[in-house]
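Chains as they are written, first to last, in the numbering used here: chain A, 1 to 173; chain B, 174 to 259.
Fair warning: there could be bad hints in the mix.
To be verified - Coverage of chain B stretches by chain A, computed from C-beta distances (three or more under 8 Å per stretch; other residues unrestricted):
| # | segment |
| --- | --- |
| 1 | 182-196 |
| 2 | 210-217 |
| 3 | 244-250 |
The hints are simulated quantities; they were obtained by calculation from the structure and are not laboratory data.
Quick caveat: nothing in here was measured; it's all calculated off a predicted structure.
By construction, the Cβ of each residue, glycine as well, lies at the ideal position given by its N, Cα and C atoms.
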Amino acid sequence: MRLGVDEVGVTELMGVSEHTRALATAAAALLLDSLDSERALVPPLDPGAAEEPAKALLEEIAAWAEAAMGHRSAPILWRVLAHNPHYIETTWRKERTLMGDGALSAHDKRRTALGVAMAMRGGYLIEYNAALLRRAGDTDRDILEVLGVVDHYTTLNTLSEGMQIESDIRPSA
Amino acid sequence: MTTIRMVDPAGVSGRTKEIFDAVLRREATVFGATSVSNIWRCMGHWPALLEANWNRSRALMQRGRFTPLQRELIATAVSIGNACTY
Numbered sequence: 001m002r003l004g005v006d007e008v009g010v011t012e013l014m015g016v017s018e019h020t021r022a023l024a025t026a027a028a029a030l031l032l033d034s035l036d037s038e039r040a041l042v043p044p045l046d047p048g049a050a051e052e053p054a055k056a057l058l059e060e061i062a063a064w065a066e067a068a069m070g071h072r073s074a075p076i077l078w079r080v081l082a083h084n085p086h087y088i089e090t091t092w093r094k095e096r097t098l099m100g101d102g103a104l105s106a107h108d109k110r111r112t113a114l115g116v117a118m119a120m121r122g123g124y125l126i127e128y129n130a131a132l133l134r135r136a137g138d139t140d141r142d143i144l145e146v147l148g149v150v151d152h153y154t155t156l157n158t159l160s161e162g163m164q165i166e167s168d169i170r171p172s173a
Numbered sequence: 174m175t176t177i178r179m180v181d182p183a184g185v186s187g188r189t190k191e192i193f194d195a196v197l198r199r200e201a202t203v204f205g206a207t208s209v210s211n212i213w214r215c216m217g218h219w220p221a222l223l224e225a226n227w228n229r230s231r232a233l234m235q236r237g238r239f240t241p242l243q244r245e246l247i248a249t250a251v252s253i254g255n256a257c258t259y
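Turn these sequences into a full structure, and let the hints guide you.
This is how it looks when you write it as structure tokens:
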């Protein structure tokens, strides 16, 4: 990749992409349509009724959400996954590992995740990532700038796939 | 296999030539291109499409507050999701 990103950065980008796609698929499969919704294919677990280790994880997520989203409550996606302690633990740990600062900044990763969610039309993950970005200072114009790239690359991807255009852009030696 | 013949930049004139020249200047700066890339050449069959998308490329990929890297990360991630190998 150009712009000074090495193989580690490219792998981080792939990780952010697949993680966001997987979460968006899970959210859609659970019929989650909004951060505010309490409706889901599997009802969210009441944190007060959860048992360990899910209880501790939901408390950890709620503390994170207070700082990152502005309200102390684990988002519904995590409360649904909490029915299976292994599922929530491995997925939440993956989220924290992949979306933190690395070769790519946490902020750039989150903007990328928003773009992936937009391209998938994943309503829940669009709201989720946009809420985190707004809390981190992004404005309407920033959200629209992410959308602009998504929009334009939907155009270019459609043309190149529809016409089976062979790539003539090669990595520099 | 490409399903469309690529427009030869040497054989165009007028507005299409102006846009191809601008695309090449941009691509030479960004990734050292020495010829107009295929994605833009394929649009040359319909100059109105070429111009509309070049204008959007300039507006959405070359202007704004994001760094080129930030835009490229999103673009690449979207292309992965769309299974676009270009």
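Check, residue by residue, whether the segment 182-196 of chain B contains three or more positions whose beta-carbon lies closer than 8 Å to a beta-carbon of chain A, and give the verdict.
violated (count 0)
Outcome, coverage of the segment 244-250 of chain B by chain A - at least 3 residues whose beta-carbon is closer than 8 Å to one in that chain:
Coverage by chain A holds here, the residue count being 7 at a Cβ distance below 8 Å.
Apply the coverage criterion to the segment 210-217 of chain B and chain A: a residue qualifies when its Cβ sits closer than 8 Å to a Cβ of the chain, and three qualifying residues are needed.
holds (count 5)
Checked against the numbered hints given earlier, the structure breaks only hint 1 and satisfies all the rest.
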